[in-house]
Amino acid sequence: MRERVPDDVVEDILGQLPVKSLTRFRCVSKSCDSIITDPTFITKHLKLNLNQSESLISTNTHSGYLLYTTKVKNSSPSSKHLCTVVCNNDSTLTQISSIRMFKKLLATDKDTTSVIGLAYNSQNNDFKILRLVSFSVGQEAEAQIYSLSTDSWRKVVISMESLRGYEPNFGTIVQIHPPCIFLNGALHTVAFTIRHRFILSFDVNDESFREIMLPPNHLDGVPVNFAQLAVFKGSLAVFVFVHGRRGILCHIWVMEEYGVAESWTRKYMVPMNWVWEGYFFGCTDNGELLIKNATGPVSIDPESPNQNILAIEDADWMGFTANSMESLILLDGGK
Numbered sequence: 001m002r003e004r005v006p007d008d009v010v011e012d013i014l015g016q017l018p019v020k021s022l023t024r025f026r027c028v029s030k031s032c033d034s035i036i037t038d039p040t041f042i043t044k045h046l047k048l049n050l051n052q053s054e055s056l057i058s059t060n061t062h063s064g065y066l067l068y069t070t071k072v073k074n075s076s077p078s079s080k081h082l083c084t085v086v087c088n089n090d091s092t093l094t095q096i097s098s099i100r101m102f103k104k105l106l107a108t109d110k111d112t113t114s115v116i117g118l119a120y121n122s123q124n125n126d127f128k129i130l131r132l133v134s135f136s137v138g139q140e141a142e143a144q145i146y147s148l149s150t151d152s153w154r155k156v157v158i159s160m161e162s163l164r165g166y167e168p169n170f171g172t173i174v175q176i177h178p179p180c181i182f183l184n185g186a187l188h189t190v191a192f193t194i195r196h197r198f199i200l201s202f203d204v205n206d207e208s209f210r211e212i213m214l215p216p217n218h219l220d221g222v223p224v225n226f227a228q229l230a231v232f233k234g235s236l237a238v239f240v241f242v243h244g245r246r247g248i249l250c251h252i253w254v255m256e257e258y259g260v261a262e263s264w265t266r267k268y269m270v271p272m273n274w275v276w277e278g279y280f281f282g283c284t285d286n287g288e289l290l291i292k293n294a295t296g297p298v299s300i301d302p303e304s305p306n307q308n309i310l311a312i313e314d315a316d317w318m319g320f321t322a323n324s325m326e327s328l329i330l331l332d333g334g335k
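Using UniProt numbering, the first residue of the sequence shown is number 1, and each one after it goes up by one.
Watch out, some of these pointers could steer you wrong.
Stated by the list, open to error - Lysine to aspartate or glutamate pairs mimicking DMTMM-like chemistry, simulated, CA-CA at most 25 Å apart:
| hint | residue 1 | residue 2 |
| --- | --- | --- |
| 1 | LYS71 | ASP38 |
| 2 | LYS47 | ASP33 |
| 3 | LYS71 | GLU256 |
| 4 | LYS104 | ASP90 |
| 5 | LYS128 | ASP151 |
Calculated from the structure, these hints are not laboratory results.
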């Protein structure tokens, strides 16, 4: 008679496995499925992966994840196929699969243009979505926050008085500019008042809004095509795409010390072919720019600057994230 392996030992073994393997092992037995889908195990597995990710960051073999959609053949125009690939450090791509589950959220204001950011709240072990909209002058600025743990939306007021650029009658936020990026436990996006332009940050733990100054005079005296916020090698950065004689020149401004306005430094001026707003997707962990130009999706090394054509065809939308990781979180009741 074979001796049964204790559940705690099985749990420790399963906790070391990647998400893809765990989704397969759910079919091995009812006890394995029960362990893998248990909320306590899911949380433990996530925290273990977070710790391992931090300890292996210097030896990581990839530099982020690229998501893109393609049209489904012989189907309606609205039907899309979502793909996820790993951006390897040798500039190749590796397609990966997920747990194939999703969470459908209902927007609270369907007719309003908004900027959306997703973040993990480490203190409460919760995922949050921040939704920001553009407002009219004199209207109170509000944000909408979704919490996965409660599966609900709620509204919070953005206290403009706490921001440096606040002026009565002139300080209301009237425009929010995408994207909304996650860094240092906060989501960041560019916001405009009538007289002021700044980075609006949202701390996902204490849910406070703060202002971060943009680089001084970074748009002055140059024929700007567009500017966009991104993360560059672990630092907050602004990418200014300027019209040049033979294409585009990208000025890369980096905040070398987070939150310190005086630390903004222009690091690079990268020549490239024409790129339009909406076709710059961010940077890989090793600093390569991801854009889509006339030749298709490419990565550009700002120090070379060498251009590498990415093996992606017929993508009608692309997005990039450098700080994501696999998780079982939606197995806990996700639909």
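Verification of the hints:
This hinted pair does not check out: LYS71 and ASP38 have alpha carbons roughly 35 Å apart, beyond 25 Å. A distance of roughly 20 Å separates the Cα atoms of LYS47 and ASP33; the hinted pair therefore holds under the 25 Å criterion. The straight-line distance between the Cα atoms of LYS71 and GLU256 is roughly 40 Å, outside the 25 Å bound, and the hint therefore fails. Among the hinted pairs, LYS104 with ASP90 is inconsistent with the structure: their alpha-carbon atoms are about 35 Å apart, more than 25 Å.
A distance of roughly 10 Å separates the Cα atoms of LYS128 and ASP151; the hinted pair therefore holds under the 25 Å criterion.
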